[in-house]
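Novice: Sequence:
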Amino acid sequence: MPLVYANEAFCRLTGYDLDEVLGRTCHFLQGEKTDPTAIATIRQALQAKTSAQVTLINYRKDGTPFWNRLAISPVTDETGRCTHFIGTQEDITRERRQEAQIAYQATHDLLTGLLNRTALDDRLEQNYRWSQQNRRLLAVMHLDLDGFKTINDRLGYRVGNQCLITIATRL
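Position one of the sequence shown corresponds to residue 1 (full-length UniProt numbering), numbered consecutively onward.
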């Protein structure tokens with residue numbers, strides 16, 4: 001269905017002027033990372049004249065992707081016939097970035113960027129199961145930094161941390 005109305009917030013969010021969006025379907029907001037399943041959900045709701053809500057990536061006029069929580073609902077006339085749909089969208093890019101950051105922090109050491117102990121244990125278990133199922137060898141390397149406490153004690157934690165970062169980068 002083509003757009004017959006868009007408010008100023010829609011134009012700010014997408015980067016399009018009003019005259020660029022009216023009369024067009026929302027396909028112009030879709031791009032390479034737009035989830036086809038979410039689009040199918042919206043299409044089905046439009047065909048069935050029912051409400052739907054999806055979360056997907058859309059694209060601004062300048063090509064910048066943004067996470068979008070999109071909801072559509074049918075608008076009916078006095079006879080109950082669907083005449084239009086009203087759609088609302090909410091930019092949830094910041095929320096998604098925060099979720100990704102929390103997920104990363106839950107599995108990685110913030111100083112080195114390496115997997116933390118819990119994530120490492122999970123990864124080892126997955127790889128072990130894979131090696132058993134596929135009858136392959138699994139090699140594991142363990143590094144012990146002899147005398148590392150001395151570096152922290154003599155040169156300070158700042159130097160010790162930099163050493164850890166350098167070692168992690170070189171691995």
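What the hints contain is simulated information worked out from the structure, not anything from laboratory work.
Glycine is no exception: its CB is placed at the ideal position from the N, C-alpha and C atoms.
Treat the hints with care, as some may be off.
As the list claims (entries may be wrong) - Simulated restraints on C-beta separations: (1) Asn127 <-> Gly15: 40 to 50 Å; (2) Leu120 <-> Leu22: 25 to 35 Å; (3) Glu20 <-> Arg69: 16 to 26 Å; (4) Gly80 <-> Asp122: 37 to 47 Å; (5) Leu110 <-> Thr37: 32 to 42 Å; (6) Ile92 <-> Lys61: 16 to 26 Å; (7) Gln101 <-> Gly15: 17 to 27 Å; (8) Gln133 <-> Thr25: 21 to 31 Å; (9) Gln132 <-> Thr37: 31 to 41 Å.
Novice: Take the hints in turn and mark each one as holding or not.
Specialist: Going down the list of hints, with the structure as the test:
no., hint, in the structure
1, Asn127 <-> Gly15: 40 to 50 Å, "44 Å, holds"
2, Leu120 <-> Leu22: 25 to 35 Å, "54 Å, violated"
3, Glu20 <-> Arg69: 16 to 26 Å, "23 Å, holds"
4, Gly80 <-> Asp122: 37 to 47 Å, "53 Å, violated"
5, Leu110 <-> Thr37: 32 to 42 Å, "34 Å, holds"
6, Ile92 <-> Lys61: 16 to 26 Å, "19 Å, holds"
7, Gln101 <-> Gly15: 17 to 27 Å, "25 Å, holds"
8, Gln133 <-> Thr25: 21 to 31 Å, "47 Å, violated"
9, Gln132 <-> Thr37: 31 to 41 Å, "34 Å, holds"
Checked against the numbered hints listed earlier, the structure breaks hints 2, 4 and 8; every other hint is satisfied.
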